[in-house]
Structures are given as structure tokens and as C-alpha cells.
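Top line first, the protein sequences correspond to chains A and B.
Each residue of the first sequence is one higher than the last, beginning at 1 in this note's numbering.
Each residue of the second sequence is one higher than the last, beginning at 1 in this note's numbering.
No lab work stands behind these hints: they were computed from the structure.
Ideal placement from N, C-alpha and C gives every residue a C-beta, glycine not left out.
Keep in mind that the hints are not guaranteed to be accurate.
Said to hold, decoys possible - Simulated crosslink set (SDA-like; lysine to any residue; CA at most 25 Å straight-line): (1) B:K161 x A:P251; (2) A:K309 x A:D253; (3) B:K10 x A:P251.
Claimed, not checked - What follows is a list of derived Cβ distance ranges for each label pair: (4) A:G367 x B:H176: 20 to 30 Å; (5) A:D26 x B:N126: 40 to 50 Å; (6) A:G367 x B:S207: 55 to 65 Å; (7) A:N306 x B:S3: 47 to 57 Å; (8) B:A124 x A:G261: 20 to 30 Å; (9) B:K74 x A:D61: 39 to 49 Å; (10) A:K389 x B:H212: 52 to 62 Å; (11) B:H176 x A:S260: 50 to 60 Å; (12) B:G84 x A:M368: 28 to 38 Å; (13) B:D204 x A:P275: 18 to 28 Å; (14) A:F237 x B:H176: 31 to 41 Å.
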Amino acid sequence: MELLRFTTAGSVDDGKSTLIGRLLYDSKSIFEDQLEQVKQSSERKGLEGTDLALLTDGLKDEREQGITIDVAYRYFATPKRKFIIADTPGHIQYTRNMVTGASTANLALILVDARHGVVEQTRRHSIIASLLQIPHLVVCINKMDLVDHSQEAYDTIVADYEDFASKLDVKDVRFVPISALNGDNVVNRSTTMDWYEGSTLMYTLEHIHIGSDHNHIDCRFPVQTVIRPKTDAFHDFRGYAGRIAGGVFKPGDDILVLPSGFTSKIKSIETLDGPIDEAFAPMSVTMTLEDDVDVGRGDMLVRANNQPKQIQDVDVMLCWLNSDGPKPRMKYTLKHTTSEVKTIIREIRYKLDVNTLHRNEADKEVGMNEICRVKLRTTKPLLADSYRKNRNTGSVILIDEGTNETVAAGMII
Amino acid sequence: MSSYNLTHIKELEAESIYVIREVFAQFENPAILFSGGKDSIVLTHLARKAFHPAKVPFPLVHIDTGHNFPETMKFRDDLVEKLGARLIVGSVQNSIDNGMAAEEKGRNANRNAIQTVTLLDTIAENKFDACMGGARRDEEKARAKERFFSHRDEFGQWDPKNQRPELWNLFNAKHHHGEHFRVFPISNWTEMDIWQYILSEKIDIPSLYFAHEREVIRRSDTWLPVSDFIQIQDNEEIVTKKIRFRTLGDITITGGDESDADTLKKIVEEVASARQTERGNREDDKRSETSMEDRKKEGYF
Chain A
1 MELLRFTTAG
11 SVDDGKSTLI
21 GRLLYDSKSI
31 FEDQLEQVKQ
41 SSERKGLEGT
51 DLALLTDGLK
61 DEREQGITID
71 VAYRYFATPK
81 RKFIIADTPG
91 HIQYTRNMVT
101 GASTANLALI
111 LVDARHGVVE
121 QTRRHSIIAS
131 LLQIPHLVVC
141 INKMDLVDHS
151 QEAYDTIVAD
161 YEDFASKLDV
171 KDVRFVPISA
181 LNGDNVVNRS
191 TTMDWYEGST
201 LMYTLEHIHI
211 GSDHNHIDCR
221 FPVQTVIRPK
231 TDAFHDFRGY
241 AGRIAGGVFK
251 PGDDILVLPS
261 GFTSKIKSIE
271 TLDGPIDEAF
281 APMSVTMTLE
291 DDVDVGRGDM
301 LVRANNQPKQ
311 IQDVDVMLCW
321 LNSDGPKPRM
331 KYTLKHTTSE
341 VKTIIREIRY
351 KLDVNTLHRN
361 EADKEVGMNE
371 ICRVKLRTTK
381 PLLADSYRKN
391 RNTGSVILID
401 EGTNETVAAG
411 MII
Chain B
1 MSSYNLTHIK
11 ELEAESIYVI
21 REVFAQFENP
31 AILFSGGKDS
41 IVLTHLARKA
51 FHPAKVPFPL
61 VHIDTGHNFP
71 ETMKFRDDLV
81 EKLGARLIVG
91 SVQNSIDNGM
101 AAEEKGRNAN
111 RNAIQTVTLL
121 DTIAENKFDA
131 CMGGARRDEE
141 KARAKERFFS
151 HRDEFGQWDP
161 KNQRPELWNL
171 FNAKHHHGEH
181 FRVFPISNWT
191 EMDIWQYILS
201 EKIDIPSLYF
211 AHEREVIRRS
221 DTWLPVSDFI
231 QIQDNEEIVT
241 KKIRFRTLGD
251 ITITGGDESD
261 ADTLKKIVEE
271 VASARQTERG
281 NREDDKRSET
291 SMEDRKKEGY
301 F
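Just chain A, same shape as in the assembly (with noise of 0.2 Å):
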């Protein structure tokens, strides 16, 4: 069984809670006395049926005042797949939350109402699914049993969307109109909506191929530390931990080690369980090479015909997501991988609209939520790809070092 991580954002409006609560339900993953505690919720605040978004809304803050203020994460299961749900708030402000729940998403879900069509919100998702990487973004257009189940009305909000799309650095676009309120092509088939051949929203969830949205290619094992036992039986073992970031390592590989410069070979890839004959992304192994060689955290084991850039002067889309806007000449923390080093922001080339993508380059204020291409400078070189070929060697924060606050997130160019 394979894991899925899916990301939805939208507000109340577009039935998104509903469509969360009914993947939930018709797969069995909400409980009894689940059910019954949103239920008393939902009498005592007043409301006439069950409110399923009190099952999403975790905080008290949420729920007394309706609104999603954070990322939450839900968990289902079907017998072809596991499923994590990054539920994220669509409100305006909440640009920070779309952007951390699509950090790891495999997926995301968008919602259209069929009524509206295409609209800003749907636009500011498709954007940020788009910036982040998403490989895959499945348009549900919601609410067909308020447009008499019209494959006219249908029809022309995926026209509409496909030409906004066009401009969207997307590989995988799917649509599929359902009623989240009735359950039509949510888990099961609509019987009011013939004319659509394409799968249901659960034979998407459950079928979409996945097993290529890691870089198998381009080999990166970032060091988070080294083990040394000490102890008789493992008197001389030293083995670098970490987690691959991409590609296929074997026993026998001649490596480089980054930035020193040494070569070596895999001696082993060492596990619990025994040694393995390959490890890929995202598996957590420990490797031992054939010479003694000095390896740390933060430095990086690759092929020798297939490396990373290392730059000091990094091209940067950023999005800030902190209260107090970037200050020129602060220096900040800023991670990568496994390393750390100290940045500041040297130049803001634009802001980007992440309405309508427009590129502003005479507006530099940066706040919350907004978005916008930097050039960074870093202490230390980063050993680093684009965003585009691997999002674990392409991703920085950065720290603000008074605060000790997550201030920006950063996909290099």
C-alpha cells in the first residue's frame, strides 16, 4: 500500500469541508463518537444539520468563530492507499498555511464552484500548487446539483481553466465535477452526470501514479550525522545517517563527497534489519564507504558526473511568512538540507501577484503572505539544485536569529 499526501485548500463556501467529511465518511475513517461529539457541537451552537467542519477545525479558537487557522491533518485510508490530508484554511491571509501544507504534497486538490467558475481564489491555489511543485493538481468542480448537472456548465469552467493554466508550470491536471453534498463521483459514481466518463474523485485518489514524484535520478545524500558505535563488536564501524534526497545508491558506487572533494566508494548500506542492496528517495538509511574519509553533517554524497551547483549568490522565489517584513542587511539563518549557514537578502527583484502571476517591480514592500523573487547571499556556498528537479535539495528557510522564528520559505531557481 502506497502513501499519498494530498493538500486541500478553500473556504467554507466551496463545500470543502463537506467534500473532506464525505471522503472521510464513505471511507469508514470517521468514528462513532466522533461523529456524535460534532454533533452535539453543531446543537448546541445552533446550527440545524451536522457540521462536518467542526471535525476538521481542531482548535477552540476555530470553532467558536468558524474558521480554519491552521494546517490540519487528517488521515484515511482506502485498501489501495493511505491517504494524509494537509487541510488548509483559503482565506486570504492565510497564503503561509497553503504554502506549508503544499510543502509535501503529492497532490492538491482544488475546489471550483460550479456556480462561480473559475475565480480569484481558485487562480491564488493553482498558483501556489504551481510554485510549490505540486506534481499533481485535481480540479473538483463542486456543487453540480446546482447547475441542473450541466455538462454545458461544466465544460466551460474547464475551458476557462485550461486556458488560465496554460501559464502554470503544471505537468498533470485532471477535472472532475461532483456534489460533494450528494456524494456524486466522490467515492461512488453519479447516476445525474452521464455524460462524464472520467473516474470518480476516489479512483483518482487511489490510481494516480505517484512512484515518479521522487528524483530517482540525480543522486543526493545529504549527512544529518554519523555513528560511531564504539563499542567491541562495532570497534571500527563509521557510518553516515541520513535520508536520500534523490536517486539510486548501491554498494560499489563510487561516490564524491561534497564540498571537501574526497571519492570513495559505498563499502555498505546498513539498516536494523540487515544491509541493503539499494537505497532511493525518501529512505532513511546509513551508509559506510570504503576509505576514511572526513564526512559531517551538512556535507553531501553524489555522483561525481552529476552535481549539485555550489552558489553563494542564490536566485530565490520566497515567500514571506512572518509579521515583520524583510529587512535589508539582516542577516538570517537560513537551512538547506542538512546544512546552515547565514544569509542576507542582497536584492528584491519583484513581487509576484499570486492572483494573477503579474510581476511587480516597483512595489518591493514585502509582507505576510506575499510572494517574491530575491537574490540571497550566503555565508557558505549551498549545495543545491533548482526546486524544479528535486524539492529536498531545492528548498531553504530562513530564521530570523532574534526570534528564533520560521520567518520565509524559499524555492531556488
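Keeping the supplied structure of chain A fixed, place chain B upon it in accordance with the hints.
For chain B alone, coordinates are given in the frame of chain A:
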């Protein structure tokens, strides 16, 4: 060509091992919070995997309320010996004796809430800057909002509305002196994942999880084990039932389910068909809709 796919369990395992290694690399004095329940047992097993062939490089910290199942204590001591790990016990009784915590009163009195006092005191005394716990996001709605690396202020408090964003697998462990982190490496596991993993990895767990005969009373819609720590009312009848526990907390608050599941395979089947959440039998969670959130804000597990 081989296919480069991991099963969901192997992918979760890889994620957890990565997180545990980040804790080791980014903190100076981290520890594992060990309750003797299945989640902290799985967490400890993952820590073994992360550092093999070296020993688990963290002490196990047990917050001892004094209201334990004897089976849990025996299991804890055996595991500590097997791992060659250091055990640190924070005693709730000591916190009561030295006046830092006050015992609850009443029929359903328990030591669940006051554990927080002992936990925070143990963290401060041992200068832990990170405590890993086996909490999972699917357990409870406030826990669904947790980060992997969850910041605690100098009073040990959680501020759920003001959490650091957590992106990709880049974890920010920066903190000021006196603050600490709670880290939850198995955040993305579900109850089902835990059981499937215990089954496939053949991990030892306390016998309490398997169906067994036990003297119990019916209270708050659950079978509460008879022990020296609960007061049995006149209208409550002691009966012997074949039960098992889906979660393990204090003996005073952990209810059992009637069950015949006496093997791991049967437990997995039972969990697959369960219609109630696993914490449904936990008196500590039933007190109010926000009891977990309220306790977590104070510094609870």
C-alpha cells in the same frame, strides 16, 4: 527495472527516523518520553533503527504517577535493560509531597492533569532541550494541529495559534535559553499503522494490549480495572470480564473493551473494524471538548 516505491509503513518509518536523527543533530540534550504505551514503544524502536549499530543515544524519561499497571512497569524495566538505556523517573508523588502539585479530589480523581507539573519539573531539572513523544495527529483534534518540532516557552506552554510554519523536511530547532521543544516523530502514523508495524516488526508490547481476564467495574461507559487507586461505590459491582486495552494510561483512567483479540493479528482485525476512537475510553479526554487542548497549552504531553 525495479520499481522505486515504498509501502506506506516504510515511508512513515523513513520519515520518523529522519526526524529522530534531526533531534539528535540539532539539540544538545534530548530525551524520549516513555510511558510504556504502544506509541512510545514504537518510537523507541524507531530510535533503535535510527542509530543502529550504536545504542539509542537518548535517555528514557518516565513520568510516574504512582498509579501504574504493574505490567507496564515490568515492561519498562525490561526494555531499559535490553536497550542499555538510561532511565529517568519523574515522580508525581514527589511533586505532591513537596507541595508543587495538589491531588485531585472526588470520585473520578486522578493524577493525569498534575503529571504536567512533574513533567515540566523533570525537564527543567535535567535541562532537556527536546523531549520526543509518541503523540499522533490522528489521536485527537488538538493533536492534529501539532508540528513535528513543537516549541514550548519558558513556562512549558504551547501556543497553538502562533506556531512556527513547518515546511518540507526543514526543521527549525532554534530556541532561547530555558525554552524547549516537544518533538513528535510519529505524527503521521495512525492507530492502524502502529499496529501493522508492531505486527510486521514483531515488537514486544505489554500483555495488557491482549485480551485477558480481569476484575473490572462499569463506569462512564467503560470497563475500569479494579485497583487500589479507585474508590468503588456501593452501586458498582466488581465483575470479571475478558477485556483488552486499546490505549494505556494510568490504571485509574484507562478503560478496557471486551475483546477476544489475544494475538496481534486479531488486534489488527479488531482495530480495522472499530467504530469508536481509541481514546474514547480515556476519562482524561472526556472531561470537556477542549480538555486535550487545554492540558496541552499548560505543557501536557
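We went through each hint and held it up to the structure:
For the proposed pair K161 (chain B) and P251 (chain A), the alpha carbon gap of about 47 Å is over 25 Å, so the pair is violated. About 21 Å separates the Cα atoms of K309 (chain A) and D253 (chain A), which keeps this hinted pair within 25 Å; it holds. For the given pair, K10 (chain B) sits about 21 Å from P251 (chain A) by alpha-carbon distance, which is consistent with the 25 Å threshold. Distance hint for G367 (chain A) and H176 (chain B): a CB-CB separation of about 25 Å, consistent with the stated range 20 to 30 Å.
Range check, D26 (chain A) to N126 (chain B): Cβ separation about 48 Å, and the 40 to 50 Å hint holds. Roughly 57 Å separates the CB atoms of G367 (chain A) and S207 (chain B), a value that falls within the hinted 55 to 65 Å. One distance hint, 47 to 57 Å for the beta-carbon pair N306 (chain A) and S3 (chain B), is violated here, with the actual separation near 22 Å. As the Cβ distance of A124 (chain B) to G261 (chain A) is approximately 45 Å, the hint placing it in 20 to 30 Å is violated.
Checked against the hint of 39 to 49 Å, the C-beta distance between K74 (chain B) and D61 (chain A) comes to roughly 43 Å, which is consistent with it. Taking 52 to 62 Å as the suggested C-beta distance range, the pair K389 (chain A) and H212 (chain B) conforms, at roughly 55 Å. For the pair H176 (chain B) and S260 (chain A), the supplied restraint of 50 to 60 Å is violated, since their beta-carbon distance comes to about 34 Å. For G84 (chain B) and M368 (chain A), the hinted distance range of 28 to 38 Å is not satisfied, since their beta carbons lie about 48 Å from each other.
Hint check: D204 (chain B) to P275 (chain A), Cβ distance near 24 Å, so the stated range 18 to 28 Å holds. Take F237 (chain A) and H176 (chain B): their Cβ atoms lie about 37 Å apart, and the range 31 to 41 Å holds.
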